[in-house]
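Please arrange chain B on chain A, whose structure you already have, making use of the hints.
Residue numbers (the working numbering), protein chains in the order written: chain A, 1 to 113; chain B, 1 to 403.
To be clear, the hints were calculated from the coordinates, so they are not data collected in a lab. Positions of the beta carbon are idealized from the N, C-alpha and C atoms, including for glycine. Hints are not guaranteed to be accurate.
Here are some, though not all, of the chain A residues that point toward chain B, as calculated from beta-carbon distances under 7 angstroms [stated by the list, open to error]:
| no. | residue |
| --- | --- |
| 1 | M20 |
| 2 | M24 |
| 3 | F31 |
| 4 | N45 |
| 5 | L47 |
| 6 | G51 |
One letter stands for each residue in the lines below.
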Amino acid sequence: MSEFMYLFRGGDIPASPEQMQKSMEKWVAWFKDLGATGHLKDLGNPLEPTGKVVKGKQKVITDGPYAEAKDVVGGYTIVEAKDIAQALELSKDCPIFDAGGSVEVRPVQAFKL
Amino acid sequence: MVAALTRIFGVHNLALAEDVVQEAFCRALEVWKFRGVPENPSAWLMATAKNRALDVLRRERTARTFAPELGQLFDSEWTLIPTIEELFSPKAIEDDLLRMMFSCCHARLAEEAQIALILNILCGFSVDEIASAFLNTHAAVEKRITRAKKGLAASKKLFDVTVPADFSARLPAVHRALYLLFNEGYHGASTESAVRHELYREAMRLMAILLKHPLGKTPATYALAALMCLHAARVPGRIDASGNLSSLYDQDRSQWDQKLLAEGFELMELSATGPKFTEYHIEAAIAAAHACAHRMEETDWKTIVSLYDTLMTINPTPIVALNRAIAIAQIDGPEVGLKELSSIANRDRLASYPFYPAAMGELELRRGQCVIAREHFGAALALARNKPEHQFFQQRISACKQE
Numbered sequence: 001m002s003e004f005m006y007l008f009r010g011g012d013i014p015a016s017p018e019q020m021q022k023s024m025e026k027w028v029a030w031f032k033d034l035g036a037t038g039h040l041k042d043l044g045n046p047l048e049p050t051g052k053v054v055k056g057k058q059k060v061i062t063d064g065p066y067a068e069a070k071d072v073v074g075g076y077t078i079v080e081a082k083d084i085a086q087a088l089e090l091s092k093d094c095p096i097f098d099a100g101g102s103v104e105v106r107p108v109q110a111f112k113l
Numbered sequence: 001m002v003a004a005l006t007r008i009f010g011v012h013n014l015a016l017a018e019d020v021v022q023e024a025f026c027r028a029l030e031v032w033k034f035r036g037v038p039e040n041p042s043a044w045l046m047a048t049a050k051n052r053a054l055d056v057l058r059r060e061r062t063a064r065t066f067a068p069e070l071g072q073l074f075d076s077e078w079t080l081i082p083t084i085e086e087l088f089s090p091k092a093i094e095d096d097l098l099r100m101m102f103s104c105c106h107a108r109l110a111e112e113a114q115i116a117l118i119l120n121i122l123c124g125f126s127v128d129e130i131a132s133a134f135l136n137t138h139a140a141v142e143k144r145i146t147r148a149k150k151g152l153a154a155s156k157k158l159f160d161v162t163v164p165a166d167f168s169a170r171l172p173a174v175h176r177a178l179y180l181l182f183n184e185g186y187h188g189a190s191t192e193s194a195v196r197h198e199l200y201r202e203a204m205r206l207m208a209i210l211l212k213h214p215l216g217k218t219p220a221t222y223a224l225a226a227l228m229c230l231h232a233a234r235v236p237g238r239i240d241a242s243g244n245l246s247s248l249y250d251q252d253r254s255q256w257d258q259k260l261l262a263e264g265f266e267l268m269e270l271s272a273t274g275p276k277f278t279e280y281h282i283e284a285a286i287a288a289a290h291a292c293a294h295r296m297e298e299t300d301w302k303t304i305v306s307l308y309d310t311l312m313t314i315n316p317t318p319i320v321a322l323n324r325a326i327a328i329a330q331i332d333g334p335e336v337g338l339k340e341l342s343s344i345a346n347r348d349r350l351a352s353y354p355f356y357p358a359a360m361g362e363l364e365l366r367r368g369q370c371v372i373a374r375e376h377f378g379a380a381l382a383l384a385r386n387k388p389e390h391q392f393f394q395q396r397i398s399a400c401k402q403e
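This is chain A alone, in the form it adopts within the complex:
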């Protein structure tokens, strides 16, 4: 088994509290499915859309957002899968696609001694 990080990008922010709740329910259901099949390593967390960036040798601080809305990372989760093909397959039920967002699947690099 290898670990993969899902980076959730973009997706519309729900307009009303009801939609918000619906969307939350979908996410929880999806996470529960992942957990039930033993693929969930770390649920991770959602991220605020704004923040700051520290950059360069001078450590210059600038405000976010850092990219177009559709590219902003809205959260992360770490799963376990046997290969990237399976990790991709597992991501397909993610509710973010309903909201027009995307999932970036990145293998966690295991450094060797």
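Same frame as chain A, but now just chain B:
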């Protein structure tokens, strides 16, 4: 609320759950003092407890373990709020009450301890209230509850109400605890009033939750629920306007609660399935026989005696025998009744029960032995446990003089 929070924090954190509830109440006192009591105080308290639970989970999730089966969902902000919301939904809270009810009825705990725990955790009764309901000292009840809670917290896991085999195995203990709780309210040994409405109503509330659970809907549960309804329906007739007891003979039967009676009969019908015939079935049937009679003279004593006979084979206690003897006296006259009364096995266990001498007195009076009757009522008076009982026996004594 404690039940819901214990589900979230895990049974080993029972004390933490109680602290959070305590804090919610303290907060209510502070805020309500300035802003007035909100429109829906219980919702306000629930919301406050919920927020407080969130704080605790966020702050301490690395330091403590909470309910193990929910751990991962609490670790992430993705799922924390939705999970808490779900756990505080009305349906979930009912499940929590049931889970806690079954957890409290652990075989390791004595019956009195189980009831004290249920009253304390599920019904929110204070140690003082429980102590006065069970004629016990504050210290004794506190000790009993503290010890029982330690036992509960050490059990690591709340009772799982979804495993049918475990559920059915624990169900009789739960029935028994609810039955005792009901009885304590209905004709308990309280010092202030003969009927403790809050106790028997709590028993009925918990009973209703049990009846909603698919595994809880057994014939015995229905029978016990029927028994409670049929007895509770008679409360308005049993106590007169000034809070005094009146005997079944003199009750104003038009005051009986018709809605509860109807509910009781309906529940009895639901209980009449399956091969198991429990003591609750019989007691419900006896209560029904009384409830069917619109007037005292219409009472079907033959049926009642035969029901008591059956009950004696299942549960031969002196109290059952006492009631059976009274029923027999209705058919065969006071002499036979008195003979039955004086031959009750283990009647030394009735030594402090005022209604034993009272029954003797009643039958002596009925056969015209006023002097002996008065002596018996005098003995009953000396054993009376509360004011209504006291007045009731006093009134019986003066009845002896008149004849």
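Verification of the hints:
Hint status for A:M20 relative to chain B: violated, with the closest Cβ pair at about 10 angstroms, above 7 angstroms. A distance limit of 7 angstroms between C-beta atoms decides the matter here; for A:M24 the minimum to chain B is near 5 angstroms, and the interface restraint holds. At its closest, the beta carbon of A:F31 sits 6 angstroms from a beta carbon of chain B; the interface hint therefore holds under the 7 angstroms criterion. Checking A:N45 against chain B: minimum C-beta separation of about 5 angstroms stays under 7 angstroms; hint holds.
Contact between A:L47 and chain B, as hinted, is not supported at the beta carbon level, the nearest pair being about 9 angstroms apart and thus beyond 7 angstroms. Interface hint status for A:G51: violated, as the beta-carbon distance to the closest one in chain B is roughly 15 angstroms, over 7 angstroms.
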